[in-house]
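J.: Going down the list, the sequences are from chains A and B. What the first sequence shows, in this note's numbering, is residues 1 to 120, in sequence order. What the second sequence shows, in this note's numbering, is residues 1001 to 1112, in sequence order.
For the record, the hints were derived by calculation from the structure and aren't laboratory data. One or more hints might be untrue.
Unchecked claim - Reference excerpt, derived from the structure (chain B facing chain A, CB under 7 angstroms, subset only):
| no. | residue |
| --- | --- |
| 1 | Gly1030 |
| 2 | Asp1034 |
| 3 | His1036 |
| 4 | Ala1045 |
| 5 | Tyr1051 |
| 6 | Phe1064 |
| 7 | Leu1097 |
| 8 | Gly1101 |
| 9 | Phe1103 |
| 10 | Gly1106 |
To be verified - Here are the computed lysine to aspartate or glutamate pairs in the EDC-like style, where the Cα-Cα straight-line distance is at most 16 angstroms:
| no. | chain 1 | residue 1 | chain 2 | residue 2 |
| --- | --- | --- | --- | --- |
| 11 | A | Lys59 | A | Asp74 |
| 12 | A | Lys73 | A | Asp88 |
| 13 | B | Lys1108 | B | Glu1083 |
| 14 | B | Lys1047 | A | Asp108 |
| 15 | B | Lys1108 | B | Glu1085 |
| 16 | A | Lys45 | B | Asp1087 |
Said to hold, decoys possible - Some chain B residues well away from chain A (every beta-carbon gap over 12 angstroms; in silico):
| no. | residue |
| --- | --- |
| 17 | Asn1055 |
| 18 | Pro1061 |
| 19 | Glu1085 |
| 20 | Gly1104 |
All C-beta atoms, glycine included, are put in the ideal place defined by N, C-alpha and C.
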Amino acid sequence: QVTLRESGPALVKPTQTLTLTCTFSGFSLSTSGMCVSWIRQPPGKALEWLARIDWDDDKYYSTYLKTRLTISKDTSKNQVVLTMTNMDPVDTATYYCARSPSSYGGNDYWGQGTLVTVSS
Amino acid sequence: QSVLTQPPSVSGAPGQRVTISCTGSSSNIGAGYDVHWYQQLPGTAPKLLIYGDSNRPSGVPDRFSGSKSGTSASLAITGLQAEDEADYYCQSFDISLSGSGVFGGGTKLTVL
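Using the sequences and the hints given, assemble the complete structure.
T.: See the structure below:
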């Protein structure tokens, strides 16, 4: 079955770089059309789309965060990595990775999310 | 300020029908991008409820339905049940934002 799991630090300091890893199973990111996205949710607030990487290595970023984000994949390890530079307390959120079977399709499988707190 | 606009809250009694609107613009919903809907129960990850405007994934009850017209979309829930109390989000993509994804601000459904 399809599973995704986010991993990374629970606490980062302001100005540091956050690196999150999404490890998945049950599908291959080399399959035509397959995509993995990162979405975050600050406590008590709405979902925010961050980035997506497609099976053919096309990458898409939130226009508002583009300068701070980098998404990459390691198909052999079934992992997608998101880095976010210059972290700020407003970046405190639960970060989710999710799968979509097509570039502009819905995210049908989600990880359980990982809470990242930005504080000195 | 979300790119897609949803009402902050809706409510209904058990058995009733409620609708949640999702208003976009000519650069997202109106540009032809599909709309997807998610249900988020407290403390859990979102769950795909409707994809491609009006399609239900396997296992989603047919009490949930989606529609789209012009620059707006709607989620309808009939035969409201207590377990439907959750946050609901619409999602699409926006050509003016280089094709990046966009979410609505979310709607809290309260079952009275």
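J.: Against this structure, judge whether each hint is valid.
T.: So, going through the hints one by one against the coordinates:
1. Gly1030: Violated, because the Cβ-Cβ distance from B/Gly1030 to chain A comes to roughly 15 angstroms (cut-off 7 angstroms).
2. Asp1034: 6 angstroms, holds
3. His1036: 4 angstroms, holds
4. Ala1045: 4 angstroms, holds
5. Tyr1051: Since the shortest Cβ distance to chain A is 3 angstroms, the answer is holds.
6. Phe1064: With a minimum Cβ separation of about 13 angstroms from chain A (threshold 7 angstroms), the hint on B/Phe1064 is violated.
7. Leu1097: Holds: closest Cβ of chain A sits about 4 angstroms from B/Leu1097, inside 7 angstroms.
8. Gly1101: 3 angstroms, holds
9. Phe1103: It holds, given that the least Cβ distance between B/Phe1103 and chain A is near 5 angstroms, below 7 angstroms.
10. Gly1106: 5 angstroms, holds
11. A/Lys59 x A/Asp74: Roughly 14 angstroms separates the two Cα atoms, so the pair holds.
12. A/Lys73 x A/Asp88: This hinted pair is violated, its Cα atoms lying about 25 angstroms apart.
13. B/Lys1108 x B/Glu1083: Roughly 13 angstroms separates the two Cα atoms, so the pair holds.
14. B/Lys1047 x A/Asp108: With Cα atoms ~7 angstroms apart, B/Lys1047 and A/Asp108 stay inside 16 angstroms; holds.
15. B/Lys1108 x B/Glu1085: Holds: B/Lys1108 and B/Glu1085 sit about 8 angstroms apart, inside 16 angstroms.
16. A/Lys45 x B/Asp1087: Given that 16 angstroms is the threshold and the Cα spacing comes to 11 angstroms, the pair holds.
17. Asn1055: Since the minimum Cβ distance to chain A is about 9 angstroms, B/Asn1055 lies within 12 angstroms and the statement is violated.
18. Pro1061: Holds, since 17 angstroms exceeds 12 angstroms.
19. Glu1085: Since the minimum Cβ distance to chain A is about 17 angstroms, B/Glu1085 lies beyond 12 angstroms and the statement holds.
20. Gly1104: Check fails; 7 angstroms does not lie beyond 12 angstroms.
When held up to the earlier numbered hints, the structure conflicts with 1, 6, 12, 17, 20 and fits the remainder.
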